[in-house]
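**Q** Below, each chain spelled out in residue letters.
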Amino acid sequence: MRKGLILRGLLVALLVALVLRPELFTPLFAPFAPNGGPVIYQRTSLLSLSLSHLGLVAVASGLATVVAVSLAILVTRPAGAAFRPLSRTITNIGQTFPPVAVLALTVPVFGFGSGPTLVALFLYGLLPVFENAMTGFGTLPPRTMEAARGMGLTRWQQLWQVELPLAAPVILTGIRLSVVISLGTATIGSTVAAATLGEVIIAGLLTDNTAYVLQGGLIVGIFAVLLYDALVLVERALARRMGRVQQAA
Amino acid sequence: MLPFGVIRENRIVLGEDVALWAMAPPWAVSVTLAAVVAGLAMGLVRSRQWLRFAGSLVGVGGIVLTLTIGARALLADAGELARVSPAIGFWLLLLALLLLMADALSAMRPGPGARFAILVGLLGAFGALLGSGALMDLSVMQEYAGRAASFWTAAQRHVALAIGSLAAAALVGFPLGILCHRRAKARGAVLPVLSLLQTIPSLAMFGLMIPILSWVGASVPGARAIGIAGIGFAPAFLALFLYSLLPVVSNTVAGLGTLPPATLEAATGMGMTTRQRLMRVELPLALPVILAAIRIVLVQNIGLAVIAGLIGGGGFGTFVFQGLNQTATDLILLGALPTVLMAIVAGVLMDICVDLTRRAPKGAAP
Amino acid sequence: MIEIDALTKVYGDTTAVDAVSLTVDTATITAVVGTSGSGKTTLLRMINRLVEPTSGSVRINGEPAGEMAPHLLRRRIGYAIQGHGLFPHHSVARNIGAVPRLLGWSRSDIRARVDELLTLFDMEPASFRDRFPHELSGGQQQRVGVARALASRPDLMLMDEPFGALDPIIRARAQDDLRQIQRKLGSTIMLVTHDMEEAIRLGDKVAVMDDGRLLQYAPPAEIVADPATDFVADLIGDTERPMRFLSLVPVSEIVEDGPADGTAIDSGASLRDALSASLWTDREALPVTRDGTVVGRVTLEAIRARAARAS
Chain A
1 MRKGLILRGL
11 LVALLVALVL
21 RPELFTPLFA
31 PFAPNGGPVI
41 YQRTSLLSLS
51 LSHLGLVAVA
61 SGLATVVAVS
71 LAILVTRPAG
81 AAFRPLSRTI
91 TNIGQTFPPV
101 AVLALTVPVF
111 GFGSGPTLVA
121 LFLYGLLPVF
131 ENAMTGFGTL
141 PPRTMEAARG
151 MGLTRWQQLW
161 QVELPLAAPV
171 ILTGIRLSVV
181 ISLGTATIGS
191 TVAAATLGEV
201 IIAGLLTDNT
211 AYVLQGGLIV
221 GIFAVLLYDA
231 LVLVERALAR
241 RMGRVQQAA
Chain B
1 MLPFGVIREN
11 RIVLGEDVAL
21 WAMAPPWAVS
31 VTLAAVVAGL
41 AMGLVRSRQW
51 LRFAGSLVGV
61 GGIVLTLTIG
71 ARALLADAGE
81 LARVSPAIGF
91 WLLLLALLLL
101 MADALSAMRP
111 GPGARFAILV
121 GLLGAFGALL
131 GSGALMDLSV
141 MQEYAGRAAS
151 FWTAAQRHVA
161 LAIGSLAAAA
171 LVGFPLGILC
181 HRRAKARGAV
191 LPVLSLLQTI
201 PSLAMFGLMI
211 PILSWVGASV
221 PGARAIGIAG
231 IGFAPAFLAL
241 FLYSLLPVVS
251 NTVAGLGTLP
261 PATLEAATGM
271 GMTTRQRLMR
281 VELPLALPVI
291 LAAIRIVLVQ
301 NIGLAVIAGL
311 IGGGGFGTFV
321 FQGLNQTATD
331 LILLGALPTV
341 LMAIVAGVLM
351 DICVDLTRRA
361 PKGAAP
Chain C
1 MIEIDALTKV
11 YGDTTAVDAV
21 SLTVDTATIT
31 AVVGTSGSGK
41 TTLLRMINRL
51 VEPTSGSVRI
61 NGEPAGEMAP
71 HLLRRRIGYA
81 IQGHGLFPHH
91 SVARNIGAVP
101 RLLGWSRSDI
111 RARVDELLTL
121 FDMEPASFRD
131 RFPHELSGGQ
141 QQRVGVARAL
151 ASRPDLMLMD
161 EPFGALDPII
171 RARAQDDLRQ
181 IQRKLGSTIM
191 LVTHDMEEAI
201 RLGDKVAVMD
211 DGRLLQYAPP
221 AEIVADPATD
231 FVADLIGDTE
241 RPMRFLSLVP
251 VSEIVEDGPA
261 DGTAIDSGAS
271 LRDALSASLW
281 TDREALPVTR
291 DGTVVGRVTL
301 EAIRARAARA
311 S
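Protein chains in written order, with UniProt numbering: chain A, 1 to 249; chain B, 1 to 366; chain C, 1 to 311.
Just so you know, these hints were derived from the structure itself, not from any lab. Where hints are given, some of them may not hold.
Listed below are the simulated SDA-like cross-link pairs for lysine to any residue, each with C-alpha atoms no more than 20 Å apart in a straight line [as the list claims (entries may be wrong)]:
hint: 1; chain 1: A; residue 1: 3; chain 2: B; residue 2: 192
hint: 2; chain 1: A; residue 1: 3; chain 2: B; residue 2: 129
hint: 3; chain 1: A; residue 1: 3; chain 2: A; residue 2: 231
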């Protein structure tokens with residue numbers, strides 16, 4: 001546990017340094033830059049790229065979570081049951097849509113810039129959250145639900161006090177998948193002129209400058225690892241409280 | 001009402017929206033409207049799935065008919081370079097009808113054989129439509145006509161990237177998965193590394209393969225001769241291979257791990273060697289889970305292979321990124337639509353395989 | 001008091017509950033017994049309207065249940081089910097305090113009530129209050145489930161196989177606990193079980209159901225002595241009947257004057273205990289004591305005569 005803590009601390013420190021003081025790493029990246037070429041990406045500040053990258057992911061994943069969980073709630077209520085098969089079909093087909101293709105297909109409709117990226121990230125982020133939310137609501141312990149009804153919780157109270165908290169760990173797994181996919185897909189957003197860290201990587205690809213590719217890749221990679229790790233920790237804490245871990249073992 | 005088509009003076013300028021009724025002669029428009037209305041109405045009959053399926057076919061037939069007739073009519077009065085393409089109204093109608101079709105099909109729960117027949121039938125119909133030349137007036141098809149040869153090279157390359165890297169990942173991944181299943185120590189070392197690889201953004205992964213492979217190409221004798229170089233096929237292939245490893249390994253481990261202990265005990269008890277037990281009992285029983293992983297990887301690879309277009313790896317991505325560069329929507333579509341189609345077909349085919357293996361053990365049990 | 005009048009539930013072609021009428025008197029336990037599919041659980045669930053009746057009515061302490069908002073009705077009635085149904089994401093204290101919180105009790109009242117109930121069920125509040133359900137044993141979970149049903153001091157309780165998931169030893173103890181607590185609090189309980197032994201042991205009255213109909217509703221002694229139908233007799237078990245009957249009659253009823261040797265038996269014990277003691281120690285008669293003093297004897301002869309009279 002302690003070792004993990006130190007490792008995480010180091011990663012955070014490395015990330016902060018890479019974003020705020022990239023020039024410190026000049027000696028490290030220099031061997032990868034073309035002779036005499038620039039080593040550190042300076043066209044836009046890495047901080048602003050990181051912030052807009054994370055912002056895009058946060059907005060897209062946040063919206064996707066709200067919409068997907070609401071849809072899952074609707075479809076698992078008796079009134080929405082008629083739409084359940086259709087929603088399953090859409091999810092299944094949607095998941096075969098490649099993220100890059102979604103991005104490419106949104107450009108004709110929304111034009112270039114952050115808009116299509118946001119839309120593509122949102123659409124693609126919906127699926128894992130929706131699917132996991134459906135699993136979460138579909139596998140609630142029936143006796144607990146019976147008890148909740150039997151002791152006089154209103155529908156609304158059942159949803160807020162019992163169903164959502166119980167489904168939370170599974171939903172969170174979906175959010176984690178969605179966030180990690182979004183982080184990666186957002187880099188591709190730079191091909192349609194969205195301001196993300198992908199800009200650094202693409203600049204590297206276009207000018208044959210591996211130092212840029214490494215820089216951009218490293219920053220996005222560390223963001224992904226840290227976010228993934230943080231969300232896993234939250235999931236475990238939630239699941240442990242409910243004794244799910246013990247049951248599973 | 002949303003525009004049904006767009007006409008443009010040439011391939012990159014902004015187009016002019018055309019409404020459904022301006023698109024084609026009145027008789028064609030009324031036939032289309034009738035077909036769409038009838039199709040959607042048939043789709044409302046929730047109890048008769050065949051009727052809903054047929055309804056979606058009628059509807060799709062209707063909108064395609066107007067599109068083709070309309071495109072020809074519009075082009076007749078326009079300049080040499082003019083292009084006609086479907087607009088949002090067409091796409092939304094098509095989407096609604098295809099969803100209806102998918103919904104009806106999934107509600108019918110056809111068996112693997114029937115599903116295969118339906119897939120072949122739909123693909124055949126689509127192929128016949130393309131082959132008939134009826135769609136040749138559409139801008140995407142004009143884009144295709146201009147580069148038919150490179151389209152098919154790209155298609156081959158795309159398939160080679162997606163399936164080749166998967167095959168390589170399976171060759172390495174199965175033994176690795178079996179090893180991880182047997183030895184907890186190996187599991188603890190391998191799986192975290194593979195998960196870490198998976199979090200590297202795809203764009204960076206493709207980018208990072210460039211220096212690595214150009215170094216290999218430059219310093220390992222003979223490597224260049226077999227095509228290993230910093231840009232092109234090799235880095236894309238390697239990147240896809242690395243992405244594919246985690247699902248293959250972790251699902252092999254998961255598939256082997258969920259077998260009923262009593263079955264394994266019985267296999268050992270009747271005198272099978274470890275190897276026999278693996279080949280005759282464990283792998284066949286774990287097959288559905290392993291195939292499910294292969295499905296995920298295949299669909300994912302077909303999508304990711306698009307990125308190869310950025311590093312000169314070929315495939316449909318070439319068109320997508322060229323199109324994005326030139327703001328040529330038709331070119332983007334020429335790359336993106338076949339990718340989506342390929343991914344969906346691959347997904348359906350693999351689902352059929354998974355179903356077949358799930359069924360076989362039951363029927364084959366003596 | 002629960003008054004059930006011609007309560008009926010029809011699902012499609014099948015009648016799950018067929019015009020059942022019965023009254024559960026205040027401060028008594030009614031045990032509804034039957035095989036699975038007999039409609040007993042549906043009957044119970046119609047009382048707190050987890051299932052809406054097709055026809056018929058239920059009155060709770062004189063008020064028609066059908067006219068109350070279902071969730072408000074349920075908050076007045078304690079409800080405990082098999083496998084406890086505890087909220088896995090809430091602590092023991094929050095689980096027990098669930099209904100009082102719904103009813104808007106103050107924090108301090110809830111806390112006091114939780115501690116009171118934990119003590120009542122022999123669980124040290126300081127060490128159990130903040131645990132989570134998965135950290136308890138099966139028996140403890142079950143007790144928390146019953147404590148939760150009792151939390152708002154409901155005068156009515158509905159219990160659906162509350163001890164179904166427990167092993168026989170813990171089960172017997174849980175039954176004793178329930179009986180004791182019910183006597184102490186004077187609650188009115190309707191309990192569903194498939195186990196005739198449990199029904200006889202706990203019920204002031206036993207209702208036997210089959211195929212949606214109420215076959216017999218009577219005190220346990222009457223059910224055993226005089227089963228209304230063959231089905232009821234089957235449920236009791238022919239070979240078991242004399243023993244079940246003897247277990248319902250206290251020794252005091254047939255105590256007579258006369259000498260006897262050996263270990264004495266308390267006059268509150270059942271004839272079943274007396275029979276097994278005399279067979280085991282090979283004696284024709286046992287001394288009977290009340291509060292420690294010998295008040296007479298019970299003979300094998302008299303036990304046999306009493307059993308014969310019942311059949």
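**Q** For every hint, state whether the structure bears it out.
**A** Hint by hint, here is what the structure shows:
1. Of the supplied pair hints, the one linking residue 3 of chain A and residue 192 of chain B holds, its CA atoms being roughly 15 Å apart against a limit of 20 Å.
2. About 62 Å separates the Cα atoms of residue 3 of chain A and residue 129 of chain B, which puts this hinted pair outside 20 Å; it is violated.
3. This hinted pair checks out: residue 3 of chain A and residue 231 of chain A have alpha carbons roughly 19 Å apart, not beyond 20 Å.
Figure legend: structure checked against the earlier numbered hints; the only hint not met is number 2.
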